[in-house]
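Participant: In case you want the letters, here they are:
Number of protein chains: 2
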Amino acid sequence: MDRIPILKLGEALLVTIQVDMHDRLAMALEEDLTTRIVDVAAKGVLIDISALEIVDSFIGRTLANIAMIAKVLDAVTVVVGMRPAVAITLVELGLSLPGVRTALNAERGMAMIRSLLDAEGMAPGEEAEGAA
Amino acid sequence: MDRIPILKLGEALLVTIQVDMHDRLAMALEEDLTTRIVDVAAKGVLIDISALEIVDSFIGRTLANIAMIAKVLDAVTVVVGMRPAVAITLVELGLSLPGVRTALNAERGMAMIRSLLDAEGMAPGEEAEGAA
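As they're listed, the protein sequences go chains A and B. Position 43 (the first sequence) corresponds to 43 in my numbering; numbering is contiguous. Position 70 (the second sequence) corresponds to 70 in my numbering; numbering is contiguous.
Among these hints, one or two may not hold up.
To be verified - Computed beta-carbon distance windows for the label pairs:
hint	chain 1	residue 1	chain 2	residue 2	range
1	A	3	B	2	19 to 25 Å
2	A	94	B	116	45 to 51 Å
3	A	85	B	23	40 to 46 Å
4	B	111	A	19	41 to 47 Å
5	B	96	A	89	45 to 51 Å
6	A	84	B	116	32 to 38 Å
7	B	115	A	88	18 to 24 Å
8	B	121	A	41	29 to 35 Å
9	B	56	A	93	37 to 43 Å
10	A	83	B	34	31 to 37 Å
11	B	116	A	93	33 to 39 Å
12	A	94	B	65	30 to 36 Å
The hints are simulated quantities; they were obtained by calculation from the structure and are not laboratory data. Even glycine gets a Cβ: it sits at the ideal position worked out from N, Cα and C.
Just chain A, with the same shape it has in the complex (with noise of 0.2 Å):
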């Protein structure tokens, strides 16, 4: 397998990983979700890792980095379904995903890509000016 799909649900992108990212793969995943994210004008990308068993630095990095991409273009990046021993080891090694939020399944991650979205259809900008 060459690409990982990204399905377009509503106004977010849905990435379901499943197999080993090695360096090739995670850079077309990276290409790939940057077009579609401005092809489709996407407000979300959710990122399902349920099947991963382990989180190295580099998957660790390369979720970062598509984080930090998908808010240059405006969109939020919420990682779903990581597995209680990732969690602990990412914690153990130190790697704190700078930049990217989670939630516990995909149905979470989706609400929670909305109230984002609607928080800021209600108060644009407010939040990024510290309005207080």
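Using the hints provided, position chain B relative to the given structure of chain A.
Facilitator: Just chain B now, kept in the frame of chain A:
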């Protein structure tokens, strides 16, 4: 990988097939999907095959099996993301995917599941009884 992840989104379950389906994986998917349909009382199953370059008679039969099992459990199955070349091959091989509904992409598939459920909700049992 020993399991294909199944995501719950609303009343539907979403499966993205990204790897070659050998016997054991197909059986595991059937089993897992059946269990999940019952566990979460899912009304729809969305199977994305956009990553598959080839759908042979084994995968075709697996999809048809899943659709039949889901139907018995009162859930509709929609296969989405079929590549043009796959559609041509299916027809040339005479594989008709009995009981399997198809939609162009995940978004339309979700809409199809929703509209089928809406129709059910509005006229419970009427369709099945063939009332005219």
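Participant: None of the hints should be skipped; say for each whether it holds.
Facilitator: Checked hints:
Between residue 3 of chain A and residue 2 of chain B the CB atoms are about 22 Å apart, so this pair conforms to the stated range of 19 to 25 Å. The supplied range of 45 to 51 Å is met by residue 94 of chain A and residue 116 of chain B, whose beta-carbon atoms lie about 48 Å from each other. The hint said 40 to 46 Å for the Cβ distance between residue 85 of chain A and residue 23 of chain B, and at roughly 28 Å that hint is violated. For the pair residue 111 of chain B and residue 19 of chain A, the supplied restraint of 41 to 47 Å is violated, since their beta-carbon distance comes to about 29 Å.
Between residue 96 of chain B and residue 89 of chain A the C-beta distance comes to about 47 Å, which sits within the given range of 45 to 51 Å. Restraint check, residue 84 of chain A to residue 116 of chain B: a C-beta distance of roughly 36 Å satisfies the suggested window 32 to 38 Å. The hinted window of 18 to 24 Å between residue 115 of chain B and residue 88 of chain A is violated, with their beta carbons roughly 43 Å apart. For residue 121 of chain B and residue 41 of chain A, the hinted distance range of 29 to 35 Å is satisfied, since their beta carbons lie about 32 Å from each other.
Restraint check, residue 56 of chain B to residue 93 of chain A: a C-beta distance of roughly 41 Å satisfies the suggested window 37 to 43 Å. Hint check: residue 83 of chain A to residue 34 of chain B, Cβ distance near 22 Å, so the stated range 31 to 37 Å is violated. Between residue 116 of chain B and residue 93 of chain A the beta carbons are some 46 Å apart, a value that contradicts the proposed interval 33 to 39 Å. Distance hint check for residue 94 of chain A and residue 65 of chain B: the Cβ-Cβ separation is about 46 Å, which falls outside the suggested range of 30 to 36 Å.
Checked against the numbered hints above, the structure violates hints 3, 4, 7, 10, 11 and 12; every other hint is satisfied.
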